[in-house]
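Based on these hints, arrange chains L and G on the given structure of chain Y.
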Amino acid sequence: MRNEARDEIVLEHEHDVPLPDEVEFDSLEEVDAVVRTLRRSALQYSLVIVALLLAVPVLALVAPWWFARPVWGGLTLNFITVAVLLNVTFLVGALAYTRVANRIEDEMLGRLDDDLEYRDV
Amino acid sequence: MILPLSVTTGIAVSMALAWFMELELASPATVLVVVLGANAGLFLGLRGRTTLAPARRALPQRRMVSLVEQTLPHMRLGLNEETALRTVQLLHDVMRLDAVAITDRERVLAFTGPGSDHHRAGDEVRSTMTRRAMESNKILVTTDARHLGCPPGSNGNCPLAGAVVAPLLCDDYPVGSLAVFQTAEGDVESSLIELTKGLAGMLSLQLELAQAHRGAQIAETAKLDALRAQINPHFLFNTLNTISMKARTDSEEARRLLIKLSDFLRYAMKYSGHAAPFGEEYFFVRTYLFLEKARFGDSLKVRYDIDPQCLSIPVPVLTIQPLIENAVKHGIAQQPGGGLIELRARVEPIGGVLRVRVVDNGVGIERERLSSLMTVNGGEISALANIYERLTRLYGGRASFEISSTPGKGTSVSLGLPVGINDL
Amino acid sequence: MSDPRALLAVVGLVVAMLVVSWVVRRSTSTTLDFYLARRQVGPFLNACAICGDYFSAASFLGVAGAVYVAGADGIWFATGFAAGFVVILFFLAAPFRRAGQFSIPDFLAARFASPSVRLTAVGIVQMIVLLYLVPQLAGAGLIWEVFVGRGLGTLSPYTTGIVLCTIAIVLQAVVGGMKGTTWNQALQFGLKFFTVALLGYIVIAAGFSYPGAVEDASRRPLTVATEVKREQLVGSGGRSTALLESARSSMTPEGYETVRRELAAGRGSVDVLLPADNRLHPERSLRFMEPGFRYSAVEQIALIVTLLLGTAGLPHITHRYFTSSSGRAARASTVWVLGLATCFYFLAVLLGVAARSELPRYLPAGLTNSDFVDGVVRVPEKALLFLAGEAGGESILALVSAAAFAAVFSTVAGLLIAAATSWGHDVYEEYINPEASEARRVRFARIAVSLTAGLAAVIGIGISVIGDAGAPGVALMVTWAFAVAGSALTPVFLAIVWWRRTTAGGVLAGMATGALLSMGAIALALLSERFEWAGWWGLGHFPSLLAAPLAGLSVVVVSLRTTMPSTAGSWWVRLHGTAPERRQALLVRLAARGGDAR
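Protein chains in written order, with the working numbering: chain Y, 1 to 121; chain L, 1001 to 1424; chain G, 2001 to 2598.
Just chain Y, with the same shape it has in the complex (with noise of 0.2 Å):
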């Protein structure tokens, strides 16, 4: 009977499907290159943090429009900036790298997500 077949059918699948262990691993070469590739972007990402985290009080020694001269009520730039600015720019950039770091390990690592049973496509 044809259901009978279709039983059967489906106890073979169950046998067939390997386990996570064997399917999911990861190569030290693959390793390498993520950590190669995630080293740089983490590297300039951050280099552009400390740029402008150093480029502050750099410009409070040197520029008086910076640090003297109030914008808005009594609150200059290096006030805004310092205050709030700077947290906010930690924020953007930390939303910004998480993404990147995530697509980097999706993309370098692992398998192109497929189905585990292996059905005619």
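No wet-lab data here; the hints were simulated from the structure. If you're wondering where the values come from, they're calculated on a predicted model, not measured in any experiment. Even for Gly, the Cβ is constructed at its ideal location relative to N, Cα and C. Check the hints yourself; a few may be wrong.
Stated by the list, open to error - The calculated DMTMM-like cross-link candidates involving lysine to aspartate or glutamate, where the alpha carbons are at most 20 Å apart (straight line), are:
1. Lys2229(G) to Asp2271(G)
2. Lys2229(G) to Asp2277(G)
3. Lys1197(L) to Asp1172(L)
4. Lys1329(L) to Glu1402(L)
5. Lys1301(L) to Glu29(Y)
6. Lys1138(L) to Asp1172(L)
7. Lys1138(L) to Asp1171(L)
8. Lys1197(L) to Glu1208(L)
9. Lys1246(L) to Asp21(Y)
10. Lys1246(L) to Glu22(Y)
11. Lys1301(L) to Glu1253(L)
12. Lys1301(L) to Asp32(Y)
Stated by the list, open to error - Quick list of simulated restraints, FRET-style, between CB atoms:
13. Ser2570(G) to Pro1233(L): 29 to 37 Å
14. Leu1005(L) to Ala2585(G): 25 to 33 Å
15. Val48(Y) to Lys1301(L): 44 to 52 Å
What follows is chains L and G alone, placed relative to chain Y:
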């Protein structure tokens, strides 16, 4: 829809009027006013249907464009029952037509709208008018129910009252027809005729495009099939050998190799267009090299150096792995101590180029052989020539392909693929 | 301000903490549970807990106090505290979790099976914990002074605060273990955040405008409360006259009147307000809105670098990364932390500004007493508390006191767990008794916690005995912990995670260099308050600018000269591979599919 609305409005207005004139509710005067109001509403509603209808059917530019976009994916696949069904449904919904049908030369492919109980897909084309439209390549109109193609014996029950039929042409040859019906009695509005003409023209154009595309596809498929046939056999045999040997000593490794092999084959078989993101090609390369490493052991060393921006850039399918395979077979395998293969990918900001380099420190290629590599010579070297040819065709000459090699020291193959080409 | 309501609020808080700890008690019987809250913590909750740990008395009172006293310069503490998490996110968040360890020494030892590495790490961790604990307990003492004002028996209020605080924390940590602490941390963070938000709202509703307030505060040169000896003011010579004149122009007429009265009454020293020196631009007079109160240019940059690198080496923070449910979750947590920190520090800085500009409005003109000099708060950390009391009334004061204690409790709890884990796991389980049963180990951990807390309390009390003249602010003391962490641990972490060639020898060299340089520098800085010669190297209290790179360099140099361990490959895959996470996802999909197939 419009009739009940108009009648209700008529009654409401007349009741308001009655109240305003301070008539008593149950008096004959009130009843008279209400009845008059209902009649007025009915009359206006009937008129409204015909005046509004052409407005509904007017062709705003936007809707037409969206219609083209929406039907194209279906018509691209050719004229069959499924694509016809999707298309008539789209036309029916977007243009708010009463009923729509598409036929090929012999049969009705799809029908949607009132009357679908006896106008069915798969029926023979009964309407002589439709046949004549196809044969004489003319647009025909009728308000005679007998020409609508209803099966014999059901004429009286069909809700359809009129139709416009236009032929669908491919290369000026009629391959089917588009029929647009109306349920309203009376003349067919000229706007409906124009609409049908326009729609038929649009569908015909799409069918022609599909034809041309298929032709090109067939050619490309043939080439890719040839390429794929070149990729697999020896590699497959060797890998299966390796796996069967490992199965004795390290069964976990053997199972992993089998999974990787199946990943490899699945990617190679997957044909989904001309281009894939570089990340997927990289996946193919690392799967391949994992398998080769099992065979060569420590004598094959592998290094990847990939810029994060490269991963989503589209590159032609199956262009990177053959380069790697070449490096393995002709560079490293020939060298007694083995060697290192490196895949580097960078995006060059100036010029917007994705530069992919395959570098190995194997035996190298003699100068004389280098020049003959680019010609189709037979043997596996032509894999490189094939890639070169595909790059030229796909990028129109804007891509670059360089090989440099020093015998005894190594080889370097470098591809320069422009970024931002939309339609590979 | 010894209000019974404040007392009640604090007691209520402690009781709540204990109740929560008791409720989650059941799940703390195994060591893993105790230490790692069963790795079930979700990213947002983890982020709240991290914030609870991190926003200590330094963040809560210290930042506001720093802004109050220093103006623009003070804000850097807030920004610097947040910046450290960016470093963690970029380089350490995911790898820490994937390494799968209990503690920092564990983490290092998993890579190099070397006892000296592990024990050195334990030593450094304990040092950092101590350096971080002391200012917290000092803060607790200060708060008790303000709110309760009474001591137990013969103990001073300051000491009483420390003692009671320590007892409460030990109880909570011991009973609840790590999990109790996680929920408590998150709740206490919620309380802190709510409090600053509420206080901010009150202050704004009372007419505070940020730009306006800064303008007000900057109208006249920034003044500092200083104690000056009589001889410097009275006596012949242009100097004393100039000083007196300077004081007079800086103070209100009423305040100056008090000074004159005291001098006339024969007091040996008086408190005056003097204009602050502008360390950055000596030719200008210093205003509230301008930088330059404390730090020269180099010191500014050194401060930033110290805070930036320090966060990644703080044991109670890294501990939370080991608790994340996955590498991805660790990253997500960090992003959340940055978001929360941005909001929190914005409010804290706002309140510091508000304290400077609004507080004088509530006080009688020229108020000089044990807490104030001419309307300026003597101990800047108390500024926030006084603002709460004046602007919001008694109940708000009670709330803020509870939140301030929450800040202390939460951080100290986190620190003690970090310390306990170190003792319990790295010392006891590894070297004293590897065969010990679960229950034994947990008991040892609990004893370890109590002892560590006791030690911290003793030091905290000792600080007050040693002297409070020129006692550095709470925020500054915390920065010492950042300095050691950032110099001794962060460079080593970065090397281990991103450079495969790192060896055990390199790590040891790095830790030693970083620790010695940073601690030495801090000692010098402390001495330089008394002796001029000690301040020669100009980095003040922020040695990381030099110590960290030197530590990094020593890691590299020594690693290159020693052999790489053979386990480097598997470590690398474990640290950076995502296979476990993918397997997890696959299992989930299989389970779902299996349900369907049936």
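Do the hints match the structure? See the list:
| no. | hint | verdict |
| --- | --- | --- |
| 1 | Lys2229(G) to Asp2271(G) | 9 Å, holds |
| 2 | Lys2229(G) to Asp2277(G) | 19 Å, holds |
| 3 | Lys1197(L) to Asp1172(L) | 15 Å, holds |
| 4 | Lys1329(L) to Glu1402(L) | 19 Å, holds |
| 5 | Lys1301(L) to Glu29(Y) | 9 Å, holds |
| 6 | Lys1138(L) to Asp1172(L) | 12 Å, holds |
| 7 | Lys1138(L) to Asp1171(L) | 16 Å, holds |
| 8 | Lys1197(L) to Glu1208(L) | 17 Å, holds |
| 9 | Lys1246(L) to Asp21(Y) | 18 Å, holds |
| 10 | Lys1246(L) to Glu22(Y) | 15 Å, holds |
| 11 | Lys1301(L) to Glu1253(L) | 18 Å, holds |
| 12 | Lys1301(L) to Asp32(Y) | 12 Å, holds |
| 13 | Ser2570(G) to Pro1233(L): 29 to 37 Å | 36 Å, holds |
| 14 | Leu1005(L) to Ala2585(G): 25 to 33 Å | 55 Å, violated |
| 15 | Val48(Y) to Lys1301(L): 44 to 52 Å | 34 Å, violated |
Consistency with the previously given hints fails for numbers 14 and 15, ordered from lowest to highest.
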